[in-house]
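Asker: Chain by chain, the residues run as shown.
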Amino acid sequence: MIDWSAVAQIVALTLLVAGTSTLIGAVLGVPAGAFVALKKFRGRNFVRTLAFTFYGFPPVLAGLLVYLVLSRSGPLGFLGWLFTPIGMIVAQSLLVVPIVMGVTISAVMAVEKRLHDTALTLGADERQWRATAIHEARIGVLTAVMVGFGRAVSEVGAVLIVGGNIAGQTRVLTTVIVLETSAAHYLEATIFGVILFILAFAIFAVLQRLQREGAV
Amino acid sequence: MGRGSSSLENRSPLPWPGFITTWRAALVVTVILVFAGLAVTVQSHADTHLVLAATTDVRDSGLLDYLGPLFQIDTGIQVRYVAVGTGQALDIARRGDADMVLTHAPSLELPFMAEGHGLCRSPLMYNRFLIVGPASDPGHIRGLTNATEAFRRIWQTNSTFYSRGDESGTNVKELQIWARVGYTPSPQNDSWYNETGQGMAATLTIASEKAGYTLTDEATFYTLASALPLDLLVSGDPFLANHYHVIVVNPAVHPTVNEDAALSFAHWLVSERGQGLIGDYEVAGHQLYTPEGQDRC
Numbered sequence: 033m034i035d036w037s038a039v040a041q042i043v044a045l046t047l048l049v050a051g052t053s054t055l056i057g058a059v060l061g062v063p064a065g066a067f068v069a070l071k072k073f074r075g076r077n078f079v080r081t082l083a084f085t086f087y088g089f090p091p092v093l094a095g096l097l098v099y100l101v102l103s104r105s106g107p108l109g110f111l112g113w114l115f116t117p118i119g120m121i122v123a124q125s126l127l128v129v130p131i132v133m134g135v136t137i138s139a140v141m142a143v144e145k146r147l148h149d150t151a152l153t154l155g156a157d158e159r160q161w162r163a164t165a166i167h168e169a170r171i172g173v174l175t176a177v178m179v180g181f182g183r184a185v186s187e188v189g190a191v192l193i194v195g196g197n198i199a200g201q202t203r204v205l206t207t208v209i210v211l212e213t214s215a216a217h218y219l220e221a222t223i224f225g226v227i228l229f230i231l232a233f234a235i236f237a238v239l240q241r242l243q244r245e246g247a248v
Numbered sequence: 365m366g367r368g369s370s371s372l373e374n375r376s377p378l379p380w381p382g383f384i385t386t387w388r389a390a391l392v393v394t395v396i397l398v399f400a401g402l403a404v405t406v407q408s409h410a411d412t413h414l415v416l417a418a419t420t421d422v423r424d425s426g427l428l429d430y431l432g433p434l435f436q437i438d439t440g441i442q443v444r445y446v447a448v449g450t451g452q453a454l455d456i457a458r459r460g461d462a463d464m465v466l467t468h469a470p471s472l473e474l475p476f477m478a479e480g481h482g483l484c485r486s487p488l489m490y491n492r493f494l495i496v497g498p499a500s501d502p503g504h505i506r507g508l509t510n511a512t513e514a515f516r517r518i519w520q521t522n523s524t525f526y527s528r529g530d531e532s533g534t535n536v537k538e539l540q541i542w543a544r545v546g547y548t549p550s551p552q553n554d555s556w557y558n559e560t561g562q563g564m565a566a567t568l569t570i571a572s573e574k575a576g577y578t579l580t581d582e583a584t585f586y587t588l589a590s591a592l593p594l595d596l597l598v599s600g601d602p603f604l605a606n607h608y609h610v611i612v613v614n615p616a617v618h619p620t621v622n623e624d625a626a627l628s629f630a631h632w633l634v635s636e637r638g639q640g641l642i643g644d645y646e647v648a649g650h651q652l653y654t655p656e657g658q659d660r661c
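Quick note, the sequences are listed as chains R and C, same order.
The opening position of the first sequence corresponds to residue 33 in my numbering, with each subsequent residue numbered one higher.
The opening position of the second sequence corresponds to residue 365 in my numbering, with each subsequent residue numbered one higher.
Hints may contain errors.
[What the hints assert, rightly or not] Computed footprint of chain C on chain R; a stretch qualifies when at least three of its residues, placed anywhere within it, have a C-beta under 8 Å from a C-beta of chain C:
1. 47-55
2. 201-215
[To be verified] Derived contacts from chain R toward chain C, CB cut-off under 8 Å, selection only:
3. S103
4. R104
5. I198
No wet-lab data here; the hints were simulated from the structure.
Note that the coordinates shown come from a computational prediction; the quantities given were computed from them, not determined experimentally.
Built from N, CA and C at the ideal position, the CB exists for glycine as well.
Assemble the whole structure, with the sequences as input and the hints as a guide.
Answerer: Next comes the structure, spelled out in structure tokens:
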């Protein structure tokens with residue numbers, strides 16, 4: 033027994049929340065990652081390690097932290113973002129930014145070493161060399177964004193706590209899977225799982241096409 | 365870089381016109397995403413609504429999805445509910461994040477009221493807890509009408525028992541029965557006593573898979589009964605009555621509470637209309653809740 037208009041609504045919200053979080057993750061994470069990879073500064077290795085550590089940051093913990101901050105009793109409670117899609121985006125962005133940043137660091141550093149001497153030999157100044165390095169690393173950078181989206185669309189811990197899984201408001205594919213599973217509706221839970229899989233497949237197909245065009 | 369031939373190869377697979385490059389499509393998707401986000405935000409703030417923190421039992425039984433839309437038809441107010449354990453529901457309200465609470469653990473609700481977080485608290489309805497378990501019934505509790513005696517036998521025969529262990533109303537009731545037995549088992553000391561830390565439906569599923577006993581609310585049990593090889597073994601003890609109350613969060617303590625909407629729902633639930641709907645609600649042919657509403661708001 034599945035209400036398809038509710039399903040459409042859940043799918044749309046899933047795309048909206050995970051998509052926006054990935055967008056924020058890319059806008060913040062890519063420049064930050066490129067900066068760390070190309071600029072030599074004190075504590076650089078520490079920042080790198082930190083970014084990689086946050087790969088393993090449990091979504092449920094991110095959810096709890098954002099919950100406490102956005103709660104009416106918390107520092108940002110006046111915004112009224114708890115149990116809304118915006119709150120969910122805040123929580124997921126917290127998870128996506130470090131991943132995008134970490135993978136970007138790796139991608140840019142991989143081309144940086146190879147490129148550095150060649151570029152300077154050819155007469156590039158530091159600025160031009162950096163621009164070239166980021167341009168050369170674009171495939172890796174897009175991979176970073178894809179990994180970030182994968183993290184956002186598949187996590188459940190953060191959106192469950194911050195969103196509250198409110199029907200028609202903050203219910204996304206992963207939280208509805210948890211709900212149906214807890215009610216022992218395994219068929220419905222599996223159907224939602226298949227929808228999530230197909231959705232992810234379609235989006236990654238488009239992103240990969242972007243990547244191939246970028247490779248030209 | 366600069367290999368012109370491969371760009372031609374890459375154009376072919378998708379049948380859209382050449383001027384729609386993938387990058388442009390991505391840009392359009394981005395713009396749509398941003399505007400959809402704005403639209404959702406504006407819309408979700410505009411509706412008249414209330415946030416209800418409720419125990420999972422009334423969600424799992426379908427009661428909230430049944431009453432919410434009817435209340436919206438009557439009043440235009442949308443009920444947005446967050447379903448969690450009773451302990452967490454009261455805590456969400458204590459932080460000022462809900463307008464209203466629907467729970468079933470008076471021992472947790474009364475301190476909440478005493479702390480001043482609640483404006484008013486009305487009895488709503490009751491159902492009964494049941495002790496269910498495997499048909500083999502290793503603790504020989506079938507047919508008992510005394511929950512305390514049943515728990516004592518489970519303890520004395522060291523029969524497998526699954527506790528919610530999550531401070532839910534059901535968990536609180538279970539611990540009250542152990543207190544009456546005079547022995548409180550713990551997963552550390554009693555290998556037969558297990559805590560699932562999950563909701564009622566999940567705990568029932570685990571208990572049936574592992575052939576253990578558990579304490580359940582009627583609604584969730586009847587919702588799942590046909591799919592689970594668990595027998596109803598003990599019922600009818602007056603101590604197993606499960607009373608639900610609604611609490612309106614006190615706007616004097618939490619100024620952001622939507623007092624009008626919450627009071628309106630609280631009145632509606634205990635009105636003739638609300639109580640009639642609750643009494644008529646059935647799952648799998650069983651009436652799940654007995655109305656006992658009194659308007660204290």
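Asker: If a hint holds in the structure, say so; if it doesn't, say that too.
Answerer: Hint-by-hint comparison with the structure:
no., hint, result
1, 47-55, "holds (count 5)"
2, 201-215, "holds (count 4)"
3, S103, "holds, 5 Å"
4, R104, "holds, 3 Å"
5, I198, "holds, 5 Å"
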